[in-house]
Amino acid sequence: MTAMRIGIRTSAGGSAKIPQSPFLLGIADSSAGFMFRGDAGAARGIRKRYGDFSGGRKPVFLFEVNFKDRKQNPYKPAINLKNGSVRLKRGDFDCIVDTGTGAGRLEINPSQQSFDSFLRTLYSWILIRCGGCMLHSAGIVKNGKAYIFLGKSGAGKSTLSKLAAASSGCPAGRPALGIEVLSDEINLLRFEKGSFRVYGSPFWGEMRNEGRHGSWPVGGFFLLKKAKANRLGDCTKSEALRLLLRCLVNFDRSPETAGNVLRTAARLLANARFSRLEFTKKDAGFLELV
Numbered sequence: 397m398t399a400m401r402i403g404i405r406t407s408a409g410g411s412a413k414i415p416q417s418p419f420l421l422g423i424a425d426s427s428a429g430f431m432f433r434g435d436a437g438a439a440r441g442i443r444k445r446y447g448d449f450s451g452g453r454k455p456v457f458l459f460e461v462n463f464k465d466r467k468q469n470p471y472k473p474a475i476n477l478k479n480g481s482v483r484l485k486r487g488d489f490d491c492i493v494d495t496g497t498g499a500g501r502l503e504i505n506p507s508q509q510s511f512d513s514f515l516r517t518l519y520s521w522i523l524i525r526c527g528g529c530m531l532h533s534a535g536i537v538k539n540g541k542a543y544i545f546l547g548k549s550g551a552g553k554s555t556l557s558k559l560a561a562a563s564s565g566c567p568a569g570r571p572a573l574g575i576e577v578l579s580d581e582i583n584l585l586r587f588e589k590g591s592f593r594v595y596g597s598p599f600w601g602e603m604r605n606e607g608r609h610g611s612w613p614v615g616g617f618f619l620l621k622k623a624k625a626n627r628l629g630d631c632t633k634s635e636a637l638r639l640l641l642r643c644l645v646n647f648d649r650s651p652e653t654a655g656n657v658l659r660t661a662a663r664l665l666a667n668a669r670f671s672r673l674e675f676t677k678k679d680a681g682f683l684e685l686v
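Under our numbering, residues 397 to 686 are what the sequence shown spells out, in order.
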């Protein structure tokens with residue numbers, strides 16, 4: 397696999413130099429730029445959808461984006477690293493990035509859904525490389541700390557998030573009595589200065605809230621289960637590890653990445669509190685246990 401270069405050099409600081417004004421996105425303290433070619437309507441839609449996370453410093457990655465109708469299958473992305481370039485591919489997008497310069501070329505369906513899937517794939521890879529991760533989870537901020545709720549599909553992540561958002565009659569994702577809903581779908585973590593922080597992102601699930609800027613220290617993790625009453629309990633390290641690995645978003649199957657994932661999981665288990673949370677759908681009383 398040969399990297400597709402687009403004439404972008406890397407500055408001394410490791411950021412790609414900008415030959416024109418791309419659309420810049422800053423997510424989880426990592427910036428990427430996108431130069432759209434063709435289909436002005438699709439480009440406008442993407443700029444509007446991610447406008448709250450636009451701007452910021454010079455991008456580490458800079459992509460030339462070409463819109464093209466592509467088939468939808470395969471639905472699951474794949475990431476492969478070879479000869480200094482990384483390829484991120486799914487049925488509706490195909491991207492090759494030179495890891496040395498940060499220059500990339502992306503061919504993608506002209507739809508916001510495809511672009512969102514590409515961003516999730518890209519940032520899952522970026523975060524793992526820097527000692528962090530993307531977790532399929534619900535995220536809630538309470539009194540300045542972020543709490544992550546892990547669970548397989550159907551465990552109640554969106555239900556719990558909606559209960560938290562409605563705890564004082566506020567719309568989804570808005571501050572309510574010291575409570576903020578970060579996401580009912582995807583949460584981003586980075587390891588910084590000896591501890592993990594949770595970053596807001598534009599990725600949503602059923603709630604379709606606009607996403608929240610900022611980062612917060614981790615307050616704890618909860619293994620989630622629907623029940624008839626709210627109850628907090630202990631969980632073993634092995635239980636926490638199994639669910640953590642199941643919820644960690646990773647499309648790169650290389651041994652190096654597997655090692656990075658295991659190191660990140662071990663660091664999370666060593667630095668954060670993991671508990672089991674059973675909650676009822678009646679109200680947001682579970683927040684008193686967090």
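Please note: incorrect hints may appear among the correct ones.
Mimicking DSS-like on lysine-lysine, the simulated pairs with C-alpha atoms at most 30 Å apart in a straight line are [what the hints assert, rightly or not]:
1. Lys558 / Lys548
2. Lys677 / Lys621
3. Lys548 / Lys621
4. Lys472 / Lys538
5. Lys485 / Lys454
6. Lys558 / Lys454
7. Lys624 / Lys678
Label pairs and their calculated CB-CB ranges [to be verified]:
8. Lys444 / Gly550: 30 to 38 Å
9. Arg663 / Gly451: 37 to 45 Å
10. Asp448 / Ser549: 41 to 49 Å
11. Gly601 / Ser507: 13 to 21 Å
12. Asn462 / Glu635: 43 to 51 Å
13. Gly681 / Ser417: 30 to 38 Å
14. Gln508 / Ser549: 17 to 25 Å
15. Gly629 / Gly550: 18 to 26 Å
16. Thr495 / Ala623: 40 to 48 Å
17. Ser650 / Ala623: 36 to 44 Å
18. Glu588 / Gly437: 17 to 25 Å
Hints are computed from structural coordinates only; laboratory data are not their basis. Every residue gets a Cβ at the ideal spot worked out from N, C-alpha and C, and that includes glycine.
Here's how the hints hold up against the structure:
1. Lys558 / Lys548: 17 Å, holds
2. Lys677 / Lys621: 11 Å, holds
3. Lys548 / Lys621: The given pair, whose Cα atoms are some 9 Å apart, holds under the 30 Å limit.
4. Lys472 / Lys538: Distance of about 34 Å is beyond 30 Å: violated.
5. Lys485 / Lys454: 25 Å, holds
6. Lys558 / Lys454: It is violated: about 36 Å lies between the C-alpha atoms, which goes past 30 Å.
7. Lys624 / Lys678: Within the cut-off at roughly 9 Å; holds.
8. Lys444 / Gly550: 30 to 38 Å: For glycine 550 against lysine 444, whose Cβ atoms are near 32 Å apart, the range 30 to 38 Å holds.
9. Arg663 / Gly451: 37 to 45 Å: 31 Å, violated
10. Asp448 / Ser549: 41 to 49 Å: Between aspartate 448 and serine 549, where Cβ atoms are some 27 Å apart, the hint is violated.
11. Gly601 / Ser507: 13 to 21 Å: 18 Å, holds
12. Asn462 / Glu635: 43 to 51 Å: 45 Å, holds
13. Gly681 / Ser417: 30 to 38 Å: 50 Å, violated
14. Gln508 / Ser549: 17 to 25 Å: Because 23 Å falls inside the window, the suggested range holds.
15. Gly629 / Gly550: 18 to 26 Å: 20 Å, holds
16. Thr495 / Ala623: 40 to 48 Å: With a Cβ separation near 46 Å, threonine 495 and alanine 623 satisfy 40 to 48 Å, so the hint holds.
17. Ser650 / Ala623: 36 to 44 Å: Taking Cβ atoms as reference, serine 650 and alanine 623 lie about 39 Å apart, which means the hint holds.
18. Glu588 / Gly437: 17 to 25 Å: 39 Å, violated
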